[in-house]
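Colleague: Take a look at the letters that make up each chain.
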Amino acid sequence: MATASAAHHDTAHDHHDHEHHDNFITKYIFSQDHKMIGKQFLVTGIFWALIGGFLSVLFRLQLGFPDLSLEFLRPLLGGWIDEAGKLDPTFYLALVTMHGTIMVFFVLTAGLSGTFSNFLIPLQIGARDMASGFMNMLSYWFFFISGVIMFISLFIKTGPAGGGWVIYPPLSALEQAIPGSGLGMTLWLVAMVFFIASSLMGGINYITTIINLRTKGMSFSRLPLTIWAFFLTAVIGLLSFPVLFGAALLLVFDRSFGTSFYLSDIYVAGEALPNTGGSPVLFQHLFWFLGHPEVYIVLLPALGITSEVIATNSRKPIFGYKAMIISMLGITILSFIVWAHHMFVSGMNPFLGSIFMFLTLIIAVPSAVKVFNYLTTLWRGNLVFTPAMLFSIGLVSFFISGGLTGIFLGNSAIDIQLHDTYFVVAHFHLVMGSASFFGMVAGVYHWFPKMFGRMMDAKLGYVHFWLTFTGVYLVFFPMHYIGIAGFPRRYYSWTNFSFTDLYTDLNMFVSAAAIITFAAQFIFLFNFFYSMFRGRKATLNPWRSNTLEWTTPLEPGHGNWPGEIPAVYRWPYDYSKPGAAEDFIPQTVPLSQTPESNLPHEQEMVKLELEIMKEEAEVLVANESKH
Amino acid sequence: MERELKYIDMVEQPISMHPKKFALWLFMVTVVMIFAGLTSAYIVRQSEGNWLDYDLPNIFWLTTAIAVASSLTLHWAYYSAKKDNFVNLRVGMILTVLLGVAFLVGQWYSWVAMVDRQVFFVGNPSGSFLYVFTGLHAAHLISGVIFLIIVLISTFRLKVHSRAMVTMEMATTYWHFLGGLWIYLFMFLLLNH
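Note that the protein sequences, when read in sequence, are chains A and B.
Position 26, counted from 1, in the first sequence is what the UniProt record's numbering calls 26; the numbers after and before it change by one each time, with no gaps.
Position 193, counted from 1, in the second sequence is what the UniProt record's numbering calls 193; the numbers after and before it change by one each time, with no gaps.
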């Protein structure tokens, strides 16, 4: 033990005697440093968020203003605007598909998990870097390649994939079905293969790092809830993405090699296709075995970030730390056994539907526990309304309002009416889309000082928050009514149904709100890039937070901590501890230094702690004498 | 850079497993999930009827025996490495690589046998599934052979010995896993067709 420590200390010394010089390429492009890779994921995620948001504005124009001439978009969209100045209907389908794909995978999976898992895991558990920096770099570049392929597919002549982000066959499997099922769909599948590889490499790294590279004293019961969330997210991804790979592989064979895994008895223009014996429902099972856990891959990191931000800015320990972990574990397990609630109307056995309904409704329990804990953490706290705090509270709001409609949709009987209507759109945009997006933005505001050493402007943050928060509700709340009225999703226009006349104004309202909300994001964009270079210099611990990342230098170099990695002596939520001088006690402060605030059981641990520290001091002295 | 990585490796590890080994286990979990997904798809699809029955190629018994034999030779090599018996180590590694290639050739002939039975990749999914299982397994096995060859080369550079066993252990684990995976697939096909 002593020799290992000694060797360790020696290398640490070597490391910092020589200033490490990176050139531009190894520092900013092919970086193996987890902080730079996290930032790469963030900037790429923001790029994709803009594209995804812009696509939604395009189709909202069509939905809200069906008679508007879109001639002014011709310079951008070219042939996709027809002679009458209308959006091409097949391109509309492609827009919806790409919006979903980009937002779910590129923004809220890679942009959220990729950014914060990479950036925060080593910093918060006290590690020099990820378990494998090389694999981490590869993970980003696979994501990048995936993005390039998807981006190219936006510009090809037949248009990008148009079968919905769920790519159900036979629509996605037959080139004759719609133009988007040709080359666009092929590129979609290729891009997703790279994306899956990227996610898996990232996930393997996150799990390995969290389990193997925690600093001294960082037991699982002292991990910040962010790390728990990233850990469980990675586990979900590791178990579900391979199944999507399997599903996509069979789809590729059906599309390009003529097999019949998903195709059977299909007639195109009166001609029977040779495919026989396939089952399209099989694809739905395989897809949703990923698809449902994917919802939690998107949401859990946002919930983890919220736990951390709310506890810090309420100046209170998180309420129910263990309950939070157990409910996240519960969500993780349940997420794998509820997938068929997406398929209630696929013709599956109604009895099976009842089982999946039952399992689905159980998810309400851990979700409610989490909401309750957020609210009780906020309750009578000394709230500090930083922009990150506002966005976190916004997340809790969306999680409640969107979660409640989940209980409606989880009932297989009600789902017959609501399935594939705007009610579903409203539900998942609130509970998954907006909530996760708010978690991501909260994370950016909160950890920006650690990422770039500067503060983002708080006033612009407030403007951004209120515009986005009200905007999201103005966009998605009316959609519940539209959905209950029976508007199906993914339809280009409803003008053939007279009942829809009642809702023309409402749709117009939603579109206008969507455009304003999208425009408000440019405030954030300006704030982000301006603050990166011109923002106020941050202090070392601007939010007076307990976790380890705030013990690093303002702009941590490669290896994160100069010298020894700090050891951890307490959990991360010692805020406003009775008796303590300050309202926060960082994880690195030993219990023996805070006798005034120790609880009885902590006082008993002091002795043990002192013994360990004495041993370490001896090792240190032994090392010093050797130099 | 190399020094830094070494430095990272030396951070105290709360559990005793090497991070790279641990990552390999996680990778094997993903492979398990792919095949769990596909074999479940097989069962779901089979229960829907319209299912072509055919006899499995007999060569599968032979390739299974080869897979088991290659695991044995590799384990022999592994123990030789532990005892610093470099001659046996190299012989064992070479035998394993050869057996691995023989397995792949055997799997190819299983496809030939399938074609002789008029069961093609394109056609009823019951046949297509067999091609997908064997093909995807072979793809992983090729990665295993490449890994073995890399280790074999490093044995000639004396980089594998009793105190440098990490890559050897990883190769052994992965190879046993691939053999086990094949036995699972074979048993699955025997029981479900």
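There could be a bad hint or two in this list.
Listed below are the simulated PhoX-like cross-link pairs for lysine-lysine, each with C-alpha atoms no more than 25 Å apart in a straight line [unchecked claim]: (1) K614(A) with K216(A); (2) K216(A) with K20(B); (3) K86(A) with K322(A); (4) K86(A) with K39(A); (5) K216(A) with K537(A); (6) K216(A) with K21(B).
Covered stretches of chain A, going by a simulated chain B footprint (3 or more residues, C-beta under 8 Å) [stated by the list, open to error]: (7) 345 to 351; (8) 422 to 431; (9) 488 to 497; (10) 580 to 588; (11) 595 to 608.
These are computed hints drawn from the structure, not numbers from a lab.
Predicted, not measured: the structure shown is a model, and the values here were computed from it.
Ideal Cβ placement from N, Cα and C applies to all residues, glycine included.
Colleague: Does each hint fit the structure? Answer for all of them.
Modeller: Going through the hints against the structure:
| no. | hint | result |
| --- | --- | --- |
| 1 | K614(A) with K216(A) | holds, 15 Å |
| 2 | K216(A) with K20(B) | holds, 20 Å |
| 3 | K86(A) with K322(A) | violated, 55 Å |
| 4 | K86(A) with K39(A) | violated, 39 Å |
| 5 | K216(A) with K537(A) | violated, 31 Å |
| 6 | K216(A) with K21(B) | holds, 21 Å |
| 7 | 345 to 351 | violated (count 0) |
| 8 | 422 to 431 | violated (count 0) |
| 9 | 488 to 497 | violated (count 0) |
| 10 | 580 to 588 | violated (count 0) |
| 11 | 595 to 608 | violated (count 0) |
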